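Going line by line, the protein sequences match chains A and B. Heads up, the first sequence is in my numbering, so the first residue is 1 and it goes up one at a time. Heads up, the second sequence is in my numbering, so the first residue is 1001 and it goes up one at a time.
Treat the hints loosely; a few may be bogus.
To be verified - Restricting the straight-line Cα-Cα distance to at most 16 Å, the calculated cross-link-like pairs of lysine to aspartate or glutamate (EDC-like) are:
1) A:K52 to B:E1055
2) B:K1140 to A:E121
3) B:K1095 to A:E121
Worth flagging that the hints you see were computed from the coordinates, not collected in a lab. Nothing here was measured: the structure is a model prediction, and the numbers come from that model.
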Amino acid sequence: MSASISDFFENWGPDIWEALIQTFQMVGIALAISILIGLPLGVLLTLSGSGKALENKFLHQILNLVINMIRSIPFIILLFFILPFTKFIAGTTIGVSGVIAPLVIYTAPYIARLMESSLLEVDRGVIEAYEAMGIKTRHIIWHVLIRESRSSIILGLTIATIGLIGATAMAGLVGAGGLGDLAYRFGHLRYQADVMYVTVFILIILVQGIQTFGNLISAKLKKD
Amino acid sequence: MIHFENITKVFDAKSKETKALDDVSLHVKKGTIFGVIGYSGAGKSTLVRMANLLEKPTTGKVYFKGTDLTTLSMSKLQEARRNMGMIFQSFNLLKTGTVYENIANPLKLTGVPKKEIQARVAKYLEIVGLQDKANAYPAKLSGGQKQRVAIARALAHEPEVLLCDEATSALDPDTTDAILSLLDRINQELGITILLITHEMNVVQNICHEVAVMDNGRIIEQGKVIDVFAQPKTKTAKRFVQSLFNDSVPEQLVNSLEGSGQIVTLSFVGESSGKPALAMVTKQFDVYPSILSGNIAQLKDQPFGRLVVHLQGNATETQKAISYLIELGVIVEGYKKGGKQHVS
Ligand SMILES: Nc1ncnc2c1ncn2[C@@H]1O[C@H](COP(=O)(O)OP(=O)(O)O)[C@@H](O)[C@H]1O
Ligand SMILES: [Mg+2]
């Protein structure tokens, strides 16, 4: 038994390790860029709403429309649909760099939506108190809106990260690898059930860990 | 200091127009505590929010220290706002910040030097009596303590004016009294002009110099607190005074006494409240007063008393007694079930 476990890791260890690194790379890079895009987008989406600081009906509806459109496309379709764009941005459509663009386009609008629901929770009164103190809108955005909703934003980002891990499973289709791809290729197509079980197990641990970590940070940031 | 000139505000919400303010003009003098009282929906919050232009008037002008705020650019308006503190019914503190951060962060954002921030937070925490709570989060504070933090936050900008939107309405009576005396102290010791709105007459009674009564978007009565207390003219003002001085007498008693003299309401203001007026009446006229109900209250600067008295005696004697009381400075009104009537 113990021999077979060490045999397994001798055979598959490097592949699993490589896949894990690829997953981390894809999730890490895509998440970072998605936050950079999704966060301001979420702020804009919220503040352009009616009765808000930067009220703009037209902009608000355009943003809503675009976000809803992108969010209704399944990732696997998106992946192929935007190939020319990916090529233009990354110079390649394969490997980890070939999958970042579609992952970002998939995740950023989702983060914007999650941001919107977090930001809308912030008490209107506190914002008003800051306006009454003569504080600039851009400062209010960071020091009140985002600060006060940070606990809920972290929970949103946790959900987005887990969704991103799910999406990377399809990245194998463009040769980007990752745990999902490993489970699919070897476990499913080649009937290496043990490889599939192990990678799925790792994915479960990963998702579980991220959720727990996210909950922990969120609880720590919450002061009420 | 603050001057509202013919302010009208119309809200357009879903096909329904609301005229929240209807041609309101008001002058808040430097150094005073000015109260605006009215029932819910009267337009009080809309009015106080006009003072720093959180709400923009549909028509009319808002002057602050002689400058028409409605003509200022956003950045000039923000500058002017730093000279007006504001506190709210719901405190509006950052949940994610400690007491210290709640006071210090806005100072940082308005460009107060770092060294000075510390000194200011310490100073104003002491004024509101919360030195030992600097590191507490708002969730751990009582309502009264939260309002103190909000007051310290407002004062830390060293404004000339403090606007209060129902600042004590969420607090219990004891805490209300404590916050009111803090506001009074701020007015006296720091010389800060206060414009407050409330639906509670005891707030006006305790700390205001002047009062305006609002109803349906209009100011229907205004003047010195003592004058509005002593002789409220409008029905709304009378009801507010009545809420503090419940001087209704059982109807049965009124009916049984009516035949044997006159029932009058006597209001004693300032000087006249010191004299033993009724005793002198008894001595000089053939009249026997008996007190049916009585109240005395301390207004900001002077006591104010109100008695409902049955003057037993014949018509000429009671009339003479009434004239005498009026001479003494007592305000005499005929008692009327459910309201009051002037006696000439
Ligand atoms: N933002 C708004 N949009 C539409 N109507 C409003 C708004 N703010 C206040 N009102 C209306 O204006 C009137 C006065 O409100 P308010 O000034 O809050 O009264 P008060 O503070 O005396 O209770 C009410 O009828 C209220 O419904
Ligand atoms: Mg109100």
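Now for the hints, and whether the structure bears them out:
The straight-line distance between the Cα atoms of K52 of chain A and E1055 of chain B is roughly 13 Å, inside the 16 Å bound, and the hint therefore holds. Annotation: proposed proximity of K1140 of chain B to E121 of chain A is violated, straight-line Cα distance about 21 Å (limit 16 Å). A C-alpha spacing of about 12 Å is found between K1095 of chain B and E121 of chain A, which places the hinted pair at or below 16 Å, so the restraint holds.
Violated hint: 2 only; the structure is consistent with all others.
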